[in-house]
Every structure is written in structure tokens, then in C-alpha cells.
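Here's the letter readout for the chains.
Protein chains: 2
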Amino acid sequence: MAKIAILGYGTVGSGVAEVIDTNRSLIEKRIKDTLEVKYILDLREFPGDPNEDKVVHDVNVILEDPEISIICETMGGNEPAYTFSKKALQAGKSVCTSNKELVANHGAELIALAEKNKCNYLFEASVGGGIPIIRPMNSALTAERVVEISGILNGTTNYILTKMEREGARFEDALKEAQDKGYAERNPEADVEGYDACRKIAILSSLMSGKTVDFKQIYTEGITAVTPADFSYAAKLNMTIKLLAMAKEKEDGYLAAVAPYMITKENPLAGVNDVFNAVFVKGNTLGDSMYYGRGAGKLPTASAVVGDVVECARNFGEHLPCLWEEENVSLKDFSSAKGRFFVRVNKVDEAKANELFGSVEKIYLENYPEEFGFMSGEMTEAEFEQKKAQLSGFVSRIRLKD
Amino acid sequence: MAKIAILGYGTVGSGVAEVIDTNRSLIEKRIKDTLEVKYILDLREFPGDPNEDKVVHDVNVILEDPEISIICETMGGNEPAYTFSKKALQAGKSVCTSNKELVANHGAELIALAEKNKCNYLFEASVGGGIPIIRPMNSALTAERVVEISGILNGTTNYILTKMEREGARFEDALKEAQDKGYAERNPEADVEGYDACRKIAILSSLMSGKTVDFKQIYTEGITAVTPADFSYAAKLNMTIKLLAMAKEKEDGYLAAVAPYMITKENPLAGVNDVFNAVFVKGNTLGDSMYYGRGAGKLPTASAVVGDVVECARNFGEHLPCLWEEENVSLKDFSSAKGRFFVRVNKVDEAKANELFGSVEKIYLENYPEEFGFMSGEMTEAEFEQKKAQLSGFVSRIRLKD
Numbered sequence: 001m002a003k004i005a006i007l008g009y010g011t012v013g014s015g016v017a018e019v020i021d022t023n024r025s026l027i028e029k030r031i032k033d034t035l036e037v038k039y040i041l042d043l044r045e046f047p048g049d050p051n052e053d054k055v056v057h058d059v060n061v062i063l064e065d066p067e068i069s070i071i072c073e074t075m076g077g078n079e080p081a082y083t084f085s086k087k088a089l090q091a092g093k094s095v096c097t098s099n100k101e102l103v104a105n106h107g108a109e110l111i112a113l114a115e116k117n118k119c120n121y122l123f124e125a126s127v128g129g130g131i132p133i134i135r136p137m138n139s140a141l142t143a144e145r146v147v148e149i150s151g152i153l154n155g156t157t158n159y160i161l162t163k164m165e166r167e168g169a170r171f172e173d174a175l176k177e178a179q180d181k182g183y184a185e186r187n188p189e190a191d192v193e194g195y196d197a198c199r200k201i202a203i204l205s206s207l208m209s210g211k212t213v214d215f216k217q218i219y220t221e222g223i224t225a226v227t228p229a230d231f232s233y234a235a236k237l238n239m240t241i242k243l244l245a246m247a248k249e250k251e252d253g254y255l256a257a258v259a260p261y262m263i264t265k266e267n268p269l270a271g272v273n274d275v276f277n278a279v280f281v282k283g284n285t286l287g288d289s290m291y292y293g294r295g296a297g298k299l300p301t302a303s304a305v306v307g308d309v310v311e312c313a314r315n316f317g318e319h320l321p322c323l324w325e326e327e328n329v330s331l332k333d334f335s336s337a338k339g340r341f342f343v344r345v346n347k348v349d350e351a352k353a354n355e356l357f358g359s360v361e362k363i364y365l366e367n368y369p370e371e372f373g374f375m376s377g378e379m380t381e382a383e384f385e386q387k388k389a390q391l392s393g394f395v396s397r398i399r400l401k402d
Numbered sequence: 001m002a003k004i005a006i007l008g009y010g011t012v013g014s015g016v017a018e019v020i021d022t023n024r025s026l027i028e029k030r031i032k033d034t035l036e037v038k039y040i041l042d043l044r045e046f047p048g049d050p051n052e053d054k055v056v057h058d059v060n061v062i063l064e065d066p067e068i069s070i071i072c073e074t075m076g077g078n079e080p081a082y083t084f085s086k087k088a089l090q091a092g093k094s095v096c097t098s099n100k101e102l103v104a105n106h107g108a109e110l111i112a113l114a115e116k117n118k119c120n121y122l123f124e125a126s127v128g129g130g131i132p133i134i135r136p137m138n139s140a141l142t143a144e145r146v147v148e149i150s151g152i153l154n155g156t157t158n159y160i161l162t163k164m165e166r167e168g169a170r171f172e173d174a175l176k177e178a179q180d181k182g183y184a185e186r187n188p189e190a191d192v193e194g195y196d197a198c199r200k201i202a203i204l205s206s207l208m209s210g211k212t213v214d215f216k217q218i219y220t221e222g223i224t225a226v227t228p229a230d231f232s233y234a235a236k237l238n239m240t241i242k243l244l245a246m247a248k249e250k251e252d253g254y255l256a257a258v259a260p261y262m263i264t265k266e267n268p269l270a271g272v273n274d275v276f277n278a279v280f281v282k283g284n285t286l287g288d289s290m291y292y293g294r295g296a297g298k299l300p301t302a303s304a305v306v307g308d309v310v311e312c313a314r315n316f317g318e319h320l321p322c323l324w325e326e327e328n329v330s331l332k333d334f335s336s337a338k339g340r341f342f343v344r345v346n347k348v349d350e351a352k353a354n355e356l357f358g359s360v361e362k363i364y365l366e367n368y369p370e371e372f373g374f375m376s377g378e379m380t381e382a383e384f385e386q387k388k389a390q391l392s393g394f395v396s397r398i399r400l401k402d
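Sequence order for the protein chains is R and G. Counting from 1, position 54 in the first sequence corresponds to residue 54 in this note's numbering; the numbering is continuous, with no gaps. Counting from 1, position 273 in the second sequence corresponds to residue 273 in this note's numbering; the numbering is continuous, with no gaps.
Don't read these hints as lab results, they were simulated from the structure. The beta carbon of each residue, even a glycine, is placed where N, CA and C say it ideally should be. Just so you know, not all the hints are guaranteed correct.
Here are the simulated DSS-like pairs of lysine-lysine, each with C-alpha atoms no more than 30 Å apart in a straight line [said to hold, decoys possible]:
1) G:K32 / R:K87
2) G:K116 / R:K3
3) G:K118 / R:K116
4) R:K282 / G:K118
5) R:K236 / G:K265
6) R:K211 / R:K265
7) G:K216 / R:K29
8) G:K250 / R:K29
9) R:K332 / G:K32
10) G:K248 / R:K29
11) G:K387 / G:K298
Where chain G lies over chain R, by a calculated footprint (3+ residues, C-beta under 8 Å) [what the hints assert, rightly or not]:
12) 121-127
13) 336-345
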């Protein structure tokens with residue numbers, strides 16, 4: 001019998017118990033064993049909950065129980081999750097987590113610790129919720145040199161941007177609706193400023209490079225400055241705006257960024273709406289591939305955690321390969337990144353814009369009579385900033401996805 | 001050192017050698033071993049080819065060489081691939097295949113044989129080319145009860161339908177262009193009649209049910225009857241037409257079909273164009289997910305084969321779980337399947353159509369003045385056929401994806 005513990009009985013943790021209950025017979029067939037949730041660690045009590053008798057308040061009860069072979073860490077945050085995970089792995093107990101922050105901060109170290117102790121540190125649920133992306137990268141795309149990952153990795157911001165596109169809503173109003181519906185937190189900073197997507201692309205780009213991408217080095221820009229006017233221009237161009245988290249292998253190193261991008265409607269990411277997430281992966285022989293699904297939510301995320309539990313149960317005493325070393329990748333300076341920009345400028349500066357950006361097609365919208373927009377040619381971020389500084393009538397810019 | 005053989009040095013087989021050469025250092029890092037293509041089995045010689053000295057004409061050279069632990073079967077067709085695969089597995093050599101026909105015909109038997117001989121029969125490349133779908137189903141979506149799979153599984157027909165949608169082309173002309181570009185074979189029957197997609201959905205629905213879905217029992221309808229007029233109606237309805245291969249778990253059994261469907265532009269499959277493939281998977285706790293990529297082509301397909309080689313090399317002497325038993329699933333009779341239909345009828349029969357289908361909104365197109373179209377309510381296939389028989393002015397029908 002496989003006995004497991006759940007650390008943190010919040011949304012995802014209670015979802016783990018629910019997914020196991022719902023699909024128990026199928027799961028047990030797949031692991032060729034029975035599966036029991038023996039403990040739930042939480043500070044709270046859960047009177048009336050079907051699992052109330054499993055709740056413990058001392059993690060050592062779990063760590064010291066030799067029957068427990070797998071631990072689901074669904075607490076979130078760095079501590080005490082980090083300490084608990086380390087102790088579990090040191091005791092040879094596999095850890096399956098949805099904790100993107102901890103994985104982004106200490107993934108390589110915890111994987112190495114798992115390898116040393118012949119167990120596993122699995123984190124399918126930490127990126128893209130229910131979308132299988134970690135395991136495809138680790139065990140399916142293994143003939144590939146992955147050269148680009150770009151994803152819609154945050155459901156809250158995608159919901160807001162979809163709302164803005166479809167209804168012409170302002171950011172503030174779309175955010176409020178997302179909060180009312182429970183898609184956005186009361187303090188929405190981690191989502192709308194791109195911090196959440198940044199942790200996730202740090203994880204994916206670490207797997208891509210095999211080394212550690214420090215999320216603090218990733219250029220990160222949120223969606224708070226995106227306006228209905230931007231969407232009006234995008235519509236005119238048969239494009240839309242998405243918060244993309246990207247990592248690319250360039251000839252001279254890796255580049256990573258989180259920012260709103262204008263993308264054509266032909267891009268498969270353009271059709272990813274509402275709270276859905278998608279990860280686009282380009283390999284050197286595979287070409288383009290994409291993985292799409294519910295990027296968050298209780299059951300989808302829990303399903304990914306339980307999928308990891310199945311992998312651990314099928315591979316007791318064996319460490320599954322995951323190439324992610326502790327050594328840091330040095331990212332290329334984002335100011336050297338080349339790209340094109342959609343730029344909005346006040347008409348007073350039209351001559352100057354012509355001088356700086358050359359002959360570009362201009363777009364004029366009836367609703368915004370004081371300004372115009374255009375797509376720039378290719379230039380580095382630094383070059384763009386330098387031109388922008390010379391435009392007193394500069395309104396805004398959004399990067400164009402190549 | 002992992003030594004492998006390639007059976008069949010055609011498009012995919014030579015791609016396998018090329019992918020290994022291209023990404024050798026990464027692949028060897030992932031398997032923690034060196035990897036060598038020792039033999040290539042083919043009837044032909046390949047003078048001037050970098051691998052010409054590896055070509056053998058007798059499969060026994062490979063089967064009897066104890067150094068060979070993994071065989072890539074990229075011959076296609078049932079025989080001699082079936083006999084060779086069986087002999088290889090009996091000798092404890094893992095087989096990685098792109099051969100959908102053989103997998104659809106004998107998948108369960110070959111998996112059982114692999115399990116018995118502590119090796120693997122892997123077939124990621126048999127469905128969706130380079131798209132990881134088999135491994136996600138076998139080792140990621142393992143907490144799920146998969147209740148629906150629907151996919152665009154044939155690149156040739158998707159190319160043709162995309163062409164028809166975008167350019168108003170007739171089927172015959174779009175097919176000819178696909179043939180000229182090498183996307184369709186001179187004898188296109190297997191693609192355009194849906195037989196290829198049928199084999200692939202048989203494989204996926206077998207993995208979904210854990211038993212064998214006999215492809216011969218799957219209702220299969222190709223795209224040869226789809227016309228520019230159908231696309232005109234679809235455009236009017238903000239929909240498009242795709243050849244879908246579907247399998248669903250119903251309360252009273254499984255249902256499977258291959259047929260052209262009208263789908264809304266909101267459906268993520270609607271944005272899958274040209275030769276791209278996509279597989280949509282719905283799980284009972286995960287909800288919707290989708291896997292997208294190049295469904296065919298030399299290198300994408302070869303990449304999937306080599307990904308399987310990596311799995312085998314990482315798991316020598318160990319059988320990876322794949323729940324697919326030989327016992328047949330009895331599919332529900334397709335005539336009992338419920339759905340809605342887009343119907344075109346000659347105006348002479350308008351009164352009769354009203355009588356049979358009730359108050360439905362009719363669509364009239366200027367270019368087709370003699371007829372009208374409408375979306376029916378929900379009914380079984382049998383009920384529809386019965387109504388259709390009473391319409392002397394019946395023109396055509398396309399199923400609507402729910």
C-alpha cells in the first residue's frame with residue numbers, strides 16, 4: 001500500500017484528496033497498488049471534513065513515519081515548505097509539489113537531494129496547472145534541443161486581457177471583475193505585475209538549459225499599463241495582446257522575459273483565452289508544439305500533483321531523470337534583445353517619429369484623434385529606449401512577438 | 001554504450017539517424033551513455049550516404065546481435081514489421097515505432113510481449129508525429145479519467161481543408177496542390193477517406209479505455225464530399241470545418257468516429273491549420289487540455305521515435321507501464337450517437353424541412369440561391385437518417401461539434 005501525506009489543506013491540498021477519491025480505482029490500477037492519504041498537515045482543524053481525522057499539526061509525525069513514501073507539498077511559499085521538503089527528501093520520501101516559488105528558488109538543489117536519496121522531487125503542478133509540460137519536457141522532448149519556450153502562464157492576467165479585448169474594458173474594471181469572480185487575489189500584484197509568470201518561465205527555462213535560471217534576472221513587465229486603446233490598435237492590425245513569458249536560446253546565450261506582447265491572430269497563442277494557459281515549445285528538429293489547458297484551479301492543479309504521485313508510486317526507490325543543475329545560467333542583458341515594437345505617439349511628434357523610425361505605415365483611429373500608432377523595424381531594447389527618449393509625444397509601446 | 005538498429009531507411013528512418021546526429025551530445029547527456037546506430041535494415045543500398053556501411057539486408061544480423069538493445073521500426077505496414085517487432089521483443093530488445101497501422105492492429109499484444117520480456121514497445125511517433133501525446137497519456141494524465149479525446153490527426157486533410165477555407169478552393173484542386181507539395185500521396189485514399197485518422201484514434205481510445213478499440217468498428221467518413229459551399233455557410237456562422245477523430249466515454253460505453261465536423265471559431269481546434277495536428281483531451285478533473293504540433297514530417301516524427309529511444313535507454317531491463325489490454329472494447333453503435341447537424345436543403349423542400357426539423361433559423365447565401373442551410377436540434381444519427389430520407393431536396397449535412 002502506498003501511503004501519502006498532504007502538507008497544506010488549502011485549495012490545492014484538498015483538491016489532491018478529492019482527485020484521489022474521485023479516481024481512486026483508476027489510479028490504483030495504474031500504480032498496481034492501493035493508495036491512502038494517511039496524514040494531512042495543517043495548522044487548522046477541519047471539523048466535518050471527510051478527512052478531519054487525518055489532520056496533524058506536527059510535520060515530524062509525517063517525516064518520522066516510515067510508512068509514508070510520498071508527500072504532496074501544497075503549502076506554497078518558501079518556508080516552511082523548503083525545510084519540510086528537504087527533510088522529507090533526506091528521509092527518502094518523494095515530494096510532489098505545486099509550489100512554483102519554492103521550485104523556482106530551490107529546484108536544482110531539491111532535485112539533487114532527491115537523486116542522492118533515491119527518491120523524486122516532482123513539480124508538474126508548479127507550471128501551467130493541469131497542463132502536462134514538465135513531464136513532456138523531461139521525458140518526451142528528449143531528442144530535442146529546445147530553442148524557444150513562450151507561454152501564457154498566468155490565468156488571472158489572461159482573463160483580464162481577454163475581458164479587455166472582448167468588451168473594451170479598462171484594466172482596473174477587468175481586474176475588479178476577476179477579483180469578484182475569485183480569479184484574482186485581493187492583492188493582485190504577483191499576477192498583474194508578471195511575478196507569477198516570471199517564476200514559471202524561470203522553471204521552464206531551467207529545464208530548457210539544464211542549469212538554473214535565476215528568476216530575479218528575468219526582465220519582467222506586467223499588464224497594468226495596457227489600455228483599451230492598445231486593444232483597438234491590435235484589433236485594427238488583426239492582432240491581440242497577451243502577457244507572454246519567454247525564453248530563447250540565442251547563439252550567445254539565453255534570453256528571458258515576461259511582458260505584454262502583440263501577437264497575430266494566426267499565432268496559436270492568440271486563441272488561448274480566459275483563464276486558460278498554454279506553453280509553446282520550439283525544438284530544433286520538432287519545430288513548433290503547444291500545450292494548452294487550465295493553468296490553475298483546484299482540481300486541474302491537484303490532478304497534476306496526483307499524476308506526480310503516480311509516477312513516484314510506480315518508481316519507488318528510483319530517481320527519475322531531471323536535468324537541472326544548480327549552476328546559474330547567465331542570461332543575456334535584456335537591453336541587447338532585438339525585436340520590433342508597436343508604438344503610439346502624439347501627432348505633435350509625427351515629424352520626429354518619421355525621423356527616428358523611418359518610413360513606417362501609420363495607423364489612425366477615430367476614437368484616438370490626437371495620436372497615431374505604428375510598428376517599428378527591428379532594433380534592440382536599448383536602441384528603442386534611446387529613440388523613445390527623443391519623442392516628447394511618446395504615448396506607449398508594446399513589443400511585437402516575432 | 002547504447003547500440004540501436006533502424007528498420008527501414010525511408011523518410012522517418014533516415015530522420016532518426018539525422019536527429020541522433022544533430023542532437024547527439026544532448027541525447028547522450030540525457031541517457032548518461034553514448035548512443036550509436038549500429039545497423040540499418042533496408043532492401044536497398046545507400047551509396048554515398050553517411051550511414052552506408054551500416055546497411056544490412058538480413059534482419060537476423062540485428063536480432064542475433066546481443067549488443068543491440070533498441071530497435072527503431074520505421075518500416076510502416078503490417079508485415080514484415082509485425083514479425084520483426086515480435087522477434088525483437090522476444091529477444092528482449094525494445095522497439096520504438098512510428099507504425100500506426102501495426103500499433104492499431106497489434107498494440108496490446110506487442111506491449112504484453114514487451115512486458116513479458118522486460119523491455120518496451122513504445123509508439124509516441126505513431127500518433128500526431130512530433131506531438132507528445134502517448135507519453136502524456138501514459139505518464140502524466142495518470143490521475144485522470146479521460147472522458148473525451150478529439151483530434152485533428154491527419155495533416156494532409158487539414159492542409160486541404162485549410163486551403164478550402166482560406167481560398168474557397170474545391171476539394172479536388174486543394175488535393176492536387178497538396179500532392180504537388182508532397183503533403184498528399186499519389187493515392188490519397190488513406191488520408192482523404194479518414195483511414196489514417198481512424199487508426200490513430202483507435203490507438204488513443206485504446207489508451208483511454210485501457211482495452212483494445214478495433215479500428216474496423218470506428219465509424220469513418222472522409223472529406224471528399226466537403227465543398228466550398230459548406231465553407232461559405234461555416235464562415236457565415238463564424239465556424240470552420242475540420243476532420244475530427246473522436247472518442248468519448250459515455251455512461252453506457254465508448255463511442256468513436258472520424259468525420260468532418262463544423263466547429264466554432266472559439267474551439268481551440270479551429271486555430272489548428274495547414275499540416276498541423278492537435279489532440280484535445282478532456283479529463284474528469286483536469287477539464288480541457290490540448291496538444292498541438294507537427295503531425296507528420298521527417299524530423300518531427302523521427303524526434304518522437306528518438307524520444308522513445310531515450311526512454312528505453314534510461315530504463316534498460318524495465319518495462320514502462322502502458323495500460324492497453326488485448327480484450328476488445330465494444331463500441332456503441334454509431335447510429336445511436338446523439339448530435340446536431342448542419343443541413344443544406346433545396347428550397348423546393350423548405351416546407352418539408354420545417355415539418356421535420358421544427359423552427360430552426362435558416363441561412364440563405366447569395367451564391368447558392370437554390371438552397372438554404374440550418375442547424376438541427378439534437379438527435380441520434382439514426383433519427384437524422386430517417387428525416388433525411390424524407391427530404392427529396394436534401395443537399396448535404398455536416399455534423400456539429402458539441
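Pairwise hint evaluation, K29 (chain R) against K250 (chain G), where the allowed Cα distance is 30 Å at most: holds (21 Å)
Pairwise hint evaluation, K265 (chain R) against K211 (chain R), where the allowed Cα distance is 30 Å at most: The hint is violated at about 34 Å.
Holds or violated: K248 (chain G) to K29 (chain R), with C-alpha atoms at most 30 Å apart: holds (21 Å)
Hinted pair K387 (chain G) and K298 (chain G), Cα distance within 30 Å: Violated. K387 (chain G) to K298 (chain G) sits at ~46 Å, over the 30 Å cutoff.
Holds or violated: K116 (chain G) to K3 (chain R), with C-alpha atoms at most 30 Å apart: holds (28 Å)
Restraint status (C-alpha distance of K282 (chain R) to K118 (chain G) at most 30 Å): violated (34 Å)
Given coverage of the region 121-127 of chain R by chain G, checked by CB-CB distance under 8 Å (3 or more): violated (count 1)
Proposed proximity, K29 (chain R) with K216 (chain G) (alpha carbon, max 30 Å): Judged against 30 Å, a Cα distance of about 28 Å means the pair holds.
Pair hint K236 (chain R) and K265 (chain G), alpha-carbon separation not exceeding 30 Å: Holds - the C-alpha atoms of K265 (chain G) and K236 (chain R) are around 19 Å apart, at most 30 Å.
Agreement of K332 (chain R) and K32 (chain G) with the hint, judged by alpha carbon distance not exceeding 30 Å: OK: K332 (chain R) and K32 (chain G) at ~29 Å, within 30 Å.
Hinted pair K118 (chain G) and K116 (chain R), Cα distance within 30 Å: holds (26 Å)
Restraint check for K32 (chain G) with K87 (chain R), where alpha carbons must lie at most 30 Å apart: holds (28 Å)
Figure legend: structure checked against the earlier numbered hints; hints not met, in rising order: 4, 6, 11, 12, 13.
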